[in-house]
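*Asks:* On the provided structure of chain A, position chain B as indicated by the hints.
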Amino acid sequence: MLYRRSTGFKWFMAFNSFVMLCITASILFPFLHLLSVSLSDSGAVVGGRVGLLPKGFNLEAYARVFQHPSIIAGFKNSIIQTMIGTAIGLFLLTICAYPLSKRALKGRKPLVLFIMFTMFFSGGLIPTYMLVKSLGLIDSIWAIVLPFSITPYYLLLMMTYFQGIPEEIEESAMLDGLNPFRILMQIVLPLSKPILAAITLFLTVYYWNNWFNSMIYLNSTERHPVMMIIRNIIVGSDLAGNVGQVGDTGDRVSTASLKAAAIMSTTLPIMVLFPFTQKYFAKGVMIGSVKG
Amino acid sequence: MSPYLKRNYHYYLMLVLPIAYFLIFKYGPIVGNVLAFRKYVPGGSMYGEEWVGLRYFKMFWNDPSFWSAFQNSLVLSILNLVISFTFPIIFALLLNEILGKKIKTLIQTISYFPNFVAVIVVVGILKELLSPTNGIANDFLGYFGVDPIFFMNEADWFRTIYITSDIWQFMGWNAIIYTAALSSVDTQLYEAAEMDGAGRWRQTISVTIPQILPTISVVLIISLGSMLALGFEKVLLLYTPSNSTTSDIIDTFVFRMGLQNNNYSYATAVGLFGGLIGLMLVSAGNYLSKKISGFSLY
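Here the protein sequences line up with chains A and B, keeping their order. Read in the numbering used here, the first sequence has 44 at position 44, and its numbers run on one by one without any break. Read in the numbering used here, the second sequence has 265 at position 265, and its numbers run on one by one without any break.
Don't take each hint at face value.
Simulated crosslink set (DSS-like; lysine-lysine; CA at most 25 Å straight-line) [unchecked claim]: (1) A/K193 <-> A/K102; (2) A/K279 <-> B/K104; (3) A/K55 <-> B/K290.
For the record, the hints were derived by calculation from the structure and aren't laboratory data.
Same shape as in the complex, but just chain A (with noise of 0.2 Å):
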């Protein structure tokens, strides 16, 4: 092509790799800036000498974060509610997509419609939480998973992908004599993995980083999952409980450092992940967009 050799051209290339390498700088400089405040010393830290790389490096601030007991808890209560929300919102959104994804069914326009509908306007935040209380959840597990299981847009996006599985396989699996349910368990899902890995992450990732929820439908501290335990330290209502403690003057970890290495050991996690999954992710929203 003719215009990559003007210079105008090359000036342009010079000029959008610049932009594209401070985009991906600045997305990447706060985790690092935190991981190496997490990892150094309390003089480099309160000194405000720490940038890319710690300073004094030690695993101290860690060694402290898992030491204590909320936090702990907090982690076993992040990854139980998480598997149940993320089990449970699957089962529904499968049972729920799979039926309305066929376009003969009777009824299916005014039911895709009466779940749409939730989508433009919804209870608000005070008639769900009276609703949740009134049915007895609060302090259980339940008012954190079940009101919120069915997302309108997940449940979309599954019925786009199965509306894209060619028919002809199905109505052979019918002549074989096999069930709907059945057919949904052998034949459709097998052929979903990449919706199914991708709802499963999203349904994950919200899971796992919900604090609003417990906020409001756990009175008992010790049913907290981690990242309501993260936002009483940031927020910082309750540092002197959680952290604050061990982060005395004269120690050698600074409470910056303890902060920073909680956040780190939340987003861990998901960083860990993300490299192997980020591929279904994307492929979760183009399968969306290609209705769109």
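*Replies:* Frame of chain A; chain B shown alone:
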């Protein structure tokens, strides 16, 4: 049983649980909005005990702190809409010009990683970077002799912090849809433009942009509709009494009135008002979309 049902009843069986779910957990709270017109008695029904008409609506209508929250919501939404909508397009167009396929994928992957980071972590990072005592931003300003700024506590900085961190977190993710549209542009169009003597800039204006215009308009309409749906959790985390003149939005107002002060009916009325405006925006956006691009959400 009719032959149709005999063949299809399994499908309806599958739907029983999900429909029950929607009735209880989604329509329950929608009906629960009647609380806005009824008086709540502690320990009483979630639907309230006694009709009071528009009393709670009149109350917030005459409440200056509601109007301040309403105005803050509007300003933040509009700023956020304009900025969060344009950045991903520009980013996708620039990324599209990067030559190596591998490096392109790498940049894209890094760019959307923050989408999966928890809000609380984003706010934690902000607090660390912007801290007046050992934050890197104030260290930097210190070199120029600027006194430490309490970024997180200043009302004037709230909107900048909110929007900048939104760009940081979501630009890459929101660009994916454009990158997908760009990669499906027929290369023959570029070759034809090249033959006509169009340079790279001309090709972008005359080929690339028209090709992704449908995607842009659909995204614009969806974002118009969901304009008021701000990142409530982030605002709540960034909210402090000292920056509340800009950081109190409708959602945080509802949260404070309802769940912290236990004025359930009052908060429900405000929430319902916000929800209805949102519904109107979605309907308007959908109507426009149908008119302009033939695409509609329902």
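*Asks:* Taken at face value, is the distance from the CA of B/K104 to the CA of A/K279 at most 25 Å?
*Replies:* Cα-Cα ~14 Å, so holds.
*Asks:* Would you check the hint for A/K193 and A/K102, treating anything up to 25 Å between C-alpha atoms as holding?
*Replies:* Holds, at about 19 Å.
*Asks:* Are A/K55 and B/K290 close enough, with their CA atoms no more than 25 Å apart?
*Replies:* 58 Å, violated
In the structure shown, a violation is registered for the earlier hint numbered 3 alone.
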